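Model the placement of chain B on the given structure of chain A, informed by the hints.
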Amino acid sequence: MDLTTQYMGLELRSPLVPSSSPLTRHLDSLRALEEMGAGAVVLYSLFEEQIEFEGMQLDHFLEYGSESTAEAISYYPAPGDFARGPEEYLELIQQAKQALEIPVIASLNGASPGGWTDYARKIAQAGADALELNIYFLPTDPQQPLGEVEGTYVDLTREVVQAVEIPVAVKMHPFLTSVPIMARRLADAGAQGLSLFNRFYEPDIDPEQLEVITDLQLSTPADARLPLRWIGILHGRVAADLAATGGVHSGRDAVKMLMAGARVVHLCSALLERGVPHLRRVLDDLSAWLEENEYASVRETIGTMSQKCCPDPTAFERANYIKVLQSYE
Amino acid sequence: MNRPMITIDGNEAAARVAHKVNEVIAIYPITPSSGMGELADEFSARGQTNIWGTIPHVMEMQSEGGASGAVHGALQTGALTTTFTASQGLLLMIPNMFKIAGELTSTVFHVSARSVATHALSIFGDHSDVMAARTTGFAMLASGSVQEVQDFALIATAASLEARVPFVHFFDGFRTSHEVNKITAIGDEEIRAMIPEAAVIAHRQRGLDPDRPCVRGTAQNPDVFFQARETVNPFYEACPGIVQQTMDRFAELTGRSYRLFDYYGAPDAERVIVLMGSGAQAAEETAAHLAATGEKVGVVVVRLYRPFSPAALLAALPRSTRVIATLDRTKEPGAVGEPLYQDVATTMLEASGRGRLPLDQTPLVVGGRYGLSSKEFTPQMIKGVFDELAAEQPKNHFTVGIVDDVTHSSIEVDADFEIPREKMVQALFYGLGSDGTVGANKNSVKIIGEGSENYAQGYFVYDSKKAGAVTVSHLRFGAEPIRSTYLLESADFIGCHQWVFLERFDLLEKARPGATFLLNSPYSPSETWGHLQRIHQQRIIDKQLKVYVIDAYKVAEEAGMGARINTIMQTCFFAISGVLPADQAIAKIKDAIRKTYGKKGEAIVEKNFRAVDAALANMHELEVPAEVSSRLELPPVVPEHAPDFVKRVTAEIIAGRGDQLPVSALPVDGTFPAGTSQYEKRNIALSIPVWDPQVCTQCGKCSLICPHAAIRQKVYEPALLEGAPEAFKSVDYRGKEFPGARFTIQVAPEDCTGCELCVHVCPAKNRAEPRLKAINMHPQIPLREQEAANFEFFLELPEADRRTVKTNTVKGSQLLQPLFEYSGACSGCGETPYVKLLSQLFGDRAVIANATGCSSIYGGNLPTTPWTVNRDGRGPAWSNSLFEDNAEFGLGFRLTLDKQREFARELVVELAGEIGEDLAEAIVKADESSEEGIIAQRERVEALIARLRRMDSDLARRLLSVCHALMHRSIWIVGGDGWAYDIGYGGLDHVLASGRNVNVLVLDTEVYSNTGGQMSKATPLGAIAKFAAAGKPVGKKDLGMMGIAYSNVYVAQVAMGANDSQTVKAFLEAESYDGPSLILAYSHCIAHGINMGMATDSHKRAVKSGHWPLYRFDPRREREGLNPLQLDSRKPTIPIAEYMGAESRFKMLQKIDPARSRHLTELAQKQVAERWARYEYLAGRDFEPVKVGK
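These protein sequence lines are chains A and B, in that order.
So for the first sequence, the working numbering puts the first residue at 1; every next one is plus one.
So for the second sequence, the working numbering puts the first residue at 10001; every next one is plus one.
Chain A extracted, bound-state conformation (with noise of 0.2 Å):
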């Protein structure tokens, strides 16, 4: 079975590729996810914010208190050269790349205007392959201008593609006024892939304690609806390959985000649920079914079942509730 795909203009052996988590954070883990058939990896995400909060804090706390009584000047010992940047980050897409077949995608979340041109570059000058940039503004002040979030992501993406030479994707979150708009605008910007969609930390609140929770829920294959819709309605109308992120747990959650339109499917929850192996069932699974319906290839699949290509394009777009509804009758 010809399970290869393509992606940002890299050619991936299997459109299963591991997103952004815990798991791809140390070489072990991702050596193992190679051998467990992963097309491709995408790192952890490198956070500027935390990068330069983790240095002045570390700042802060080693000076804190020093130069204020005469028998202690200071507290610790003068740290000399240490490492406050993505040293950590940039070693690891080094050893990823020395160490893996497959194309190695880094993930990064910058937070100031320089930031996010200047640790692309660093990771493109490490040997990352691609890049895919975990973009989280939300639009969450009532005063901001309609749109002013969606142009920060576009401008941000355009700089990044201009700084570097290496492939970038972007990975999008829902909640902006018109997904479509904002992929083609991503798209011509220079963002290679789009990435639907990034799943956020949900606050959840104890009663008892009285105190809001934020922890990250695991995604279940009922999530993979809101993606594939999307990618079902953007294939082939953004000049950018897609990608599927949330809730495929199983070879058959994968079919069905291909045929919508994904070229690859990420996969966090599952994994991390049930462990790296898992990664082969899903891919022996995609296997299967492709070979029992008889396609020869995943690429024969991509895009099949999109709206443009599927036999009921009405079924993507808000129809879609009525036929709920009157399946109820």
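Rather than coming from a laboratory, the hints here were simulated on the basis of the structure.
From a predicted model like this one, the values you see are computed outputs, not experimental measurements.
Even for Gly, the Cβ is constructed at its ideal location relative to N, Cα and C.
Watch out, some of these pointers could steer you wrong.
[Stated by the list, open to error] Derived DMTMM-like pairs: lysine to aspartate or glutamate, alpha-carbon spacing no greater than 20 Å straight-line:
id, chain 1, residue 1, chain 2, residue 2
1, B, Lys-10595, A, Glu-52
2, B, Lys-10765, A, Glu-52
3, B, Lys-10446, A, Glu-63
4, A, Lys-122, B, Glu-10602
5, B, Lys-10546, B, Glu-10450
6, B, Lys-10590, B, Glu-10450
7, B, Lys-10607, A, Asp-59
8, B, Lys-10765, A, Glu-208
[What the hints assert, rightly or not] Computed list of chain B residues with no C-beta within reach of chain A, every gap over 10 Å:
id, residue
9, Leu-10104
10, Glu-10230
11, Gly-10294
12, His-10531
13, Glu-10623
14, Thr-10807
15, Ile-10857
16, Leu-10882
17, Glu-10931
18, Glu-11069
19, Glu-11170
20, Leu-11178
21, Glu-11184
Leaving out everything else, chain B in the frame of chain A:
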């Protein structure tokens, strides 16, 4: 030759050379020498090599005794070895110094000379320590400036190798060790040229070696010891000559020429001062000025003090010398005179007696004392000495720099005398420890010293508090080398970095006419004038000062710098002081910013640049009105109701006028009244906690955790609320033991440091708005007056009856009056909550031995001290002996009280007929195991005292003098981990083994906190500390288990932030146990690199991860057939990495060396698991005492 100039402090000057010319460095931290050891360790950690291309080994020992032993051993096996120390540290080295010298071993001990503790400890500089070591046979070379420290460090080493006589190379603690000055650096080539390689090889050859074995260190008998001791004479005779030759070689290499005794002043001087150390610089400067005005005065600066060379001294004196004042920076009570005086006087006597005096006449020699404990030694005082020498009968054995109104030893100083400073800019800065003022000023000194032709000097004065410490920076800049080894007498520039100082200090007293005043003001330039106190307005007008104003906090906030105002104030200084052309200076500041922050990211650099630019844009010159308009006066230093001593003495010290206090004002034996911290209102909190009675659950946690006893609770009868201030809050008490009572939690607004620990631990949430708790932080200033009145009322409310309070609960313990309050400990301190708890539970019956360290400093540093008394006048009796002997010191208390109790009981029995049989019996058989019992016995003893006073017999008087011992006394031995795990461990072990009833409280911060974070044996695996720059590779010593091994010691490991009720329980059990008790208390610390306001989270993580298991080992349980060990925490539930990852001390290693960090974390995890398994095993056994025989 163009020699590089560097701007460094004295400690660095010594450490740089010492690290270059040694192979082994064994040290132990002690102020003010710690910096030398730390630097040497850093040099080695960075891979810097000595002149032979190899990296010296630096070893931290458990004490100075240990360090000197290791030095002795390293020397005996042939290594070039050195150490750094001061004060008591040097004293602990003395036994080895005799040996090292007796064995003619080459070495140099670099000593930042510091006062030896006598009536009080003092960390500051004088020569009492080195003078105590002058009989050891070590040569002694004195440096007086940073330049000399560098030069003499090398000269001493070279001479020691040649002479085979070991050297103490000393310089004045703080004044020289901590003064930053611009000096000519010495290069490796020069060092190499100075060190005699053949002597190095010979030194190695003398090392012990089984290939050519020998025996050294024999025991000798009356037949030969004496003769053998005299064998060294030739070496000592040759030594001064060797030193001079070495100095001459040094002069050839560097152009800096020194003599054993250097003379400065008029060639035909009649009046000459002889002295050594930093004071010599000031004396030299003064003599030069006076000589230039025609005065026949001069100064002999002693370089080589031992072996003392009379010939060299005589050669240095001008023939015209008529009268000599020798100045000693030490005191030797009971001696004819101080050491230098005796040496100089003897020299004159010997020479004139033999007719070999190369002077026109035999000079009169008088001795004087000056500068003890870094007391200022100024040109006015030096002029005073010269003036005294002009008298017909100059005073002998005088003091200078103080007013001695008791034995009238002091001489007059010439207060009006001032050396002109046309070519010098002098700048004075007032800042807070936390605002970075000192750091910025050190940076400025470096910028000017290394970035321009100018010379620069910086000296920094810190107050004695750890929280809210005021710093005063004294900076001088000028075209000539700066030898003014004293604080600024006047200033061309004064910077006030904190508005609140205007309320506290007469800041502009030292401003020269026309000087510049830079003020960080929260008010606009136009408003600022109106808010200035009268005295400041007056001085500004009188002295025609130029005033510049900036709202630095606002500028910092806007530039994204948070509360860091140092760069902003530094920029303003350069812009208006004229030290350097402003443009050039600003460019240099930016260079320095790039250098400091470049690695931390462009964002931080940019932020600082923005702050620099914004500083310039937001600084405005204030238009000074012609008239004083202010009616604001500086508030009184202490309140009117303060006791006489506090008003007369303490207040003067608080106000910074302690230097003016005469001898008669001070206690003769170092005994001070208790409870003085209450009179020093420091108002350092920006925000204070405010209580919400409706939300409060009255759990007592806030009060328990407060490091400063600044939030308290009381329960009282409702009727007492009559006359309460309107804003005073009160609520019904929740608890059955005080039915119908009211309850209040009250903050001490002027004593709170704003750490927020109380808010963080508060478990109650406001249901309507859960972000609020039962206590919430609010700005202090608007609340100050109201809450101060509330607090005053609160204090007047009666204390709860100890017999009713449930002292074994957190809540109950907090209804007891803290007898440890408002200490100078750090904001959010992790030690003081335990100390305060001790004072609440047992303070009225406690005698406390306190090891030197943080707890002795916040517990006993003047001006005010926190140990206080209750309404009955009872409270902890507290004393600090030394660092190393605290357990023994406390045991001594026990021995006395046990003996006196026994004796008193014997007397009671003997006098029973007169006292009354019933009372006598009740006293002798008293059960004092409860509060009731203790109070009842107190009443009995009071009755006894009343009867004894009426009796007229020797026996009665005798009993009266010991009857206090009939009452329960709780002995507490308190100290940190540096004491308990390291320097005092031998003694602690002995005391635990003694079986006597003492309670040991170890405040375990896992590092030497007081001296700045050096590793101790309590430092955990993987933590970075000084001397463990690469992360400590071995685990923490299990002191608790060592105590448990004795089986009759009560041992508890507690962490208040993780389980406060276990802490309270452990304290009570430890105290009630009639035998030795050991409490190990997890004490978070600034040195952990955590948010101090949320430190209880660290306690929780420490316990949950298994780093700090909670347990109690109570030998009494054994008698009941129970396992004495009880684990009070659960099996680890979080990985050790989670605990470590949350503290900078561990996190730093992740950044420096991620692989090592991972490795050590894994190792730590393994150790935690193993230790837990051991504890669990021990605690899980069914306990059956072993029966001997069948």
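Against the structure, the hints come out as follows:
The straight-line distance between the Cα atoms of Lys-10595/B and Glu-52/A is roughly 17 Å, inside the 20 Å bound, and the hint therefore holds. A hinted pair counts as satisfied when its Cα atoms are at most 20 Å apart, and Lys-10765/B with Glu-52/A does not qualify at roughly 33 Å. With a C-alpha separation of about 19 Å, the suggested pairing of Lys-10446/B with Glu-63/A holds against the 20 Å cut-off. Restraint check for Lys-122/A and Glu-10602/B: the C-alpha separation of about 14 Å stays at or below 20 Å, so the hint holds.
For the proposed pair Lys-10546/B and Glu-10450/B, the alpha carbon gap of about 29 Å is over 20 Å, so the pair is violated. For the proposed pair Lys-10590/B and Glu-10450/B, the alpha carbon gap of about 15 Å is at most 20 Å, so the pair holds. For the hint pairing Lys-10607/B with Asp-59/A, the CA-to-CA distance comes to about 15 Å; that is within 20 Å, so the pair holds. For a cut-off of 20 Å, the pair hint linking Lys-10765/B to Glu-208/A stands: about 11 Å separates their Cα positions.
Distance check for Leu-10104/B against chain A: the nearest CB is about 36 Å away, which clears 10 Å, and the non-interface claim stands. For Glu-10230/B, the shortest C-beta to C-beta distance to chain A comes to about 43 Å, beyond the 10 Å cut-off, and the non-interface label holds. At the 10 Å boundary, the C-beta of Gly-10294/B stays outside the reach of chain A, the nearest C-beta of that chain being 41 Å off. At roughly 27 Å from the closest C-beta of chain A, the C-beta of His-10531/B stays outside 10 Å, upholding its exclusion from the interface.
Non-interface call for Glu-10623/B relative to chain A: holds, since the shortest CB-CB distance, roughly 34 Å, exceeds 10 Å. Remark: the non-interface label on Thr-10807/B is consistent with the geometry, its nearest Cβ contact in chain A lying 30 Å away (cut-off 10 Å). Chain A draws Ile-10857/B into its interface by the beta-carbon criterion, the shortest separation being 7 Å against a cut-off of 10 Å. Every CB of chain A lies more than 10 Å from the CB of Leu-10882/B, the least distance being 16 Å, so the non-interface label holds.
In this structure Glu-10931/B is separated from chain A by more than 10 Å, as the shortest Cβ-Cβ distance comes to about 37 Å. Its beta-carbon lying about 32 Å from the closest one in chain A, Glu-11069/B satisfies the requirement of being farther than 10 Å from that chain. Consistency note on Glu-11170/B: stated as away from chain A, and its beta-carbon is indeed over 10 Å from all of that chain's, at 25 Å minimum. Against chain A, the non-interface label of Leu-11178/B holds: every CB pair exceeds 10 Å, the least being about 35 Å.
Annotated as non-interface, Glu-11184/B keeps its C-beta farther than 10 Å from every C-beta of chain A; the closest such distance is 44 Å.
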